[in-house]
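**Q** Below, each chain spelled out in residue letters.
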Amino acid sequence: MRLFLALLLLLAACQQADPHGVLAKVNGAEILADQASGHQGLEHIIDRELLVQKALEAGLDRDPLVAQSLENARRQILAQAWLERSAAGSGKPQPEEVRSFYADNPALFSERRIYRLSELTVPAGSELLDVLRGQVLVARDIDEVAAWLRQRNATFRPASSVLPAEQLPLSYLPRLARMQPGEIAVFDAPNGVTVVQLLEAQEAPLSEREAAPMIETFLSGRRRLELAAAEVKRLREVARIEYVGDFKAR
Amino acid sequence: MKTLLLVAALMQPVAPLPQSPAPLASPPAALYSFNDVYRLTVNGAAMADFPAAAGPLRVAVTPPPHGAAGFSIHDVQEPGRWLLVFAGLAAAFWVARRRLDYSF
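Sequence order for the protein chains is U and X. As numbered in my numbering, the first sequence has no gaps in its residue numbers, which increase by one up to the final residue, 257. As numbered in my numbering, the second sequence has no gaps in its residue numbers, which increase by one up to the final residue, 202.
If we strip away everything but chain U, and leave its shape as in the complex, we get (with noise of 0.2 Å):
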């Protein structure tokens, strides 16, 4: 009788945690823990493996089309799979690191500011451009400068935003965190000009403590950065590459 109930024991302890980790099982094939994660990312992996075992009977790996994104699939993942074995070993920046981060940046950092700016964005082959930067020097306010495009006929769009210093472009960011209230600049746009006239900047400072956690990710990322993209170059370097056909003569 006890060696009865101890294998019932046994049985139910069996039940309730499968020693190899399987989740489920779809038509006999197992579904284990590291394949998903929660209910809903199982219910995912269940559907998946379904289409997956119709997709095999239906003879569809090797269907050439198929078979190629297959190998171009695990080409991608081997690719990816050295990349990050070449980045793994960053380790975390130093503290001097982040501490140089943050005073190399104040405009983002400690005299981090919200910027209220009206802009107006003067597009690409506009023959006024150049008189265009002559005119922002005299003109009193923005409103100024769209009248006088205006009376050119010249095509502008105009805009207001509130921006905290972190999502303004990097490339405005060191003169707008100069300007005063009420002054006027042009910035270079990929597609023309820029007219900005700073209405207002709201000081936010942040300080070195709460800037420290986001700098650490950040200058880890970058590094991992640097030496994916070392690694890389590294490799073109030692490896032999031809180019055949149309891409010899490059």
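Just so you know, the hints here were simulated from the structure itself, not pulled from any lab data. Here the structure is a predicted model, which is why all the values come from computation and not from measurement. Please note that the accuracy of each hint is not assured.
Stated by the list, open to error - Label pairs and their in silico Cβ distance ranges: (1) X:Arg196 - U:Ser76: 26 to 32 Å; (2) U:Ser76 - X:Leu181: 34 to 40 Å; (3) X:Arg196 - U:Ala74: 21 to 27 Å.
Claimed, not checked - Short derived list, chain U residues pointing at chain X, Cβ under 10 Å: (4) Asn112; (5) Arg164; (6) Ser167; (7) Leu170; (8) Glu173; (9) Gln187; (10) Pro188; (11) Ala192; (12) Val193; (13) Pro197; (14) Thr224; (15) Ser227; (16) Gly228; (17) Leu232.
Beta carbons: idealized from backbone N, C-alpha and C, even for Gly.
On the provided structure of chain U, position chain X as indicated by the hints.
**A** Structure of chain X alone, referenced to chain U:
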């Protein structure tokens, strides 16, 4: 910082700095903000030198969750109408040739 601007990617959204609503769309690289660079750097970024056909490669600080299975449905290209007509004619021709034993 400039090297990072070369990194092109379309990755997941990131928790921005305090008081920063998420931007609506990715700007051109020349207008990247610190938030854009942060997003590309931290959440995994494509290596700029890799060809687009190879797919983006990431070196994310926080790897994407595994086990996610998303499906999309595309139109399946079917044989054109004329291809089917010619296939039918060819079959009829073959049957006729066998039955009548013509030597054409």
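**Q** Hint by hint, note whether the structure agrees.
**A** Structure-based check of each hint:
Separated by about 40 Å at the C-beta atoms, Arg196 (chain X) and Ser76 (chain U) break the suggested range of 26 to 32 Å. Taking 34 to 40 Å as the suggested C-beta distance range, the pair Ser76 (chain U) and Leu181 (chain X) does not conform, at roughly 24 Å. Restraint check, Arg196 (chain X) to Ala74 (chain U): a C-beta distance of roughly 36 Å breaks the suggested window 21 to 27 Å. Residue-level restraint check for Asn112 (chain U) holds (minimum Cβ-Cβ distance to chain X is 8 Å; threshold 10 Å).
About 15 Å separates the beta-carbon of Arg164 (chain U) from the nearest beta-carbon of chain X, more than 10 Å, and the hint is not met. Hint status for Ser167 (chain U): violated, given a least beta-carbon distance of 15 Å to chain X, over 10 Å. Hint status for Leu170 (chain U): holds, given a least beta-carbon distance of 8 Å to chain X, under 10 Å. Hint status for Glu173 (chain U): holds, given a least beta-carbon distance of 4 Å to chain X, under 10 Å.
Because the beta carbon of Gln187 (chain U) sits about 22 Å from the nearest beta carbon in chain X, more than 10 Å, this interface hint is broken. Checking Pro188 (chain U) against chain X: minimum C-beta separation of about 19 Å lies over 10 Å; hint violated. With its C-beta approaching chain X no nearer than about 15 Å, Ala192 (chain U) sits outside the 10 Å limit, and its interface hint is violated. Interface hint at Val193 (chain U): violated, since its Cβ lies 15 Å from the closest Cβ of chain X, which is beyond the 10 Å cut-off.
Interface restraint check: Pro197 (chain U) against chain X, minimum CB-CB distance 5 Å, threshold 10 Å, status holds. For Thr224 (chain U), the suggested interface contact is upheld, since its CB lies about 5 Å from the closest CB of chain X, less than 10 Å. The interface hint given for Ser227 (chain U) holds, since its Cβ lies 5 Å from the closest Cβ of chain X, which is under the 10 Å cut-off. Interface restraint check for Gly228 (chain U): the shortest CB-CB distance to chain X comes to about 4 Å, inside 10 Å, so the restraint holds.
Using the Cβ-Cβ criterion of 10 Å, the hint placing Leu232 (chain U) at the interface with chain X is satisfied: the shortest such distance is roughly 6 Å.
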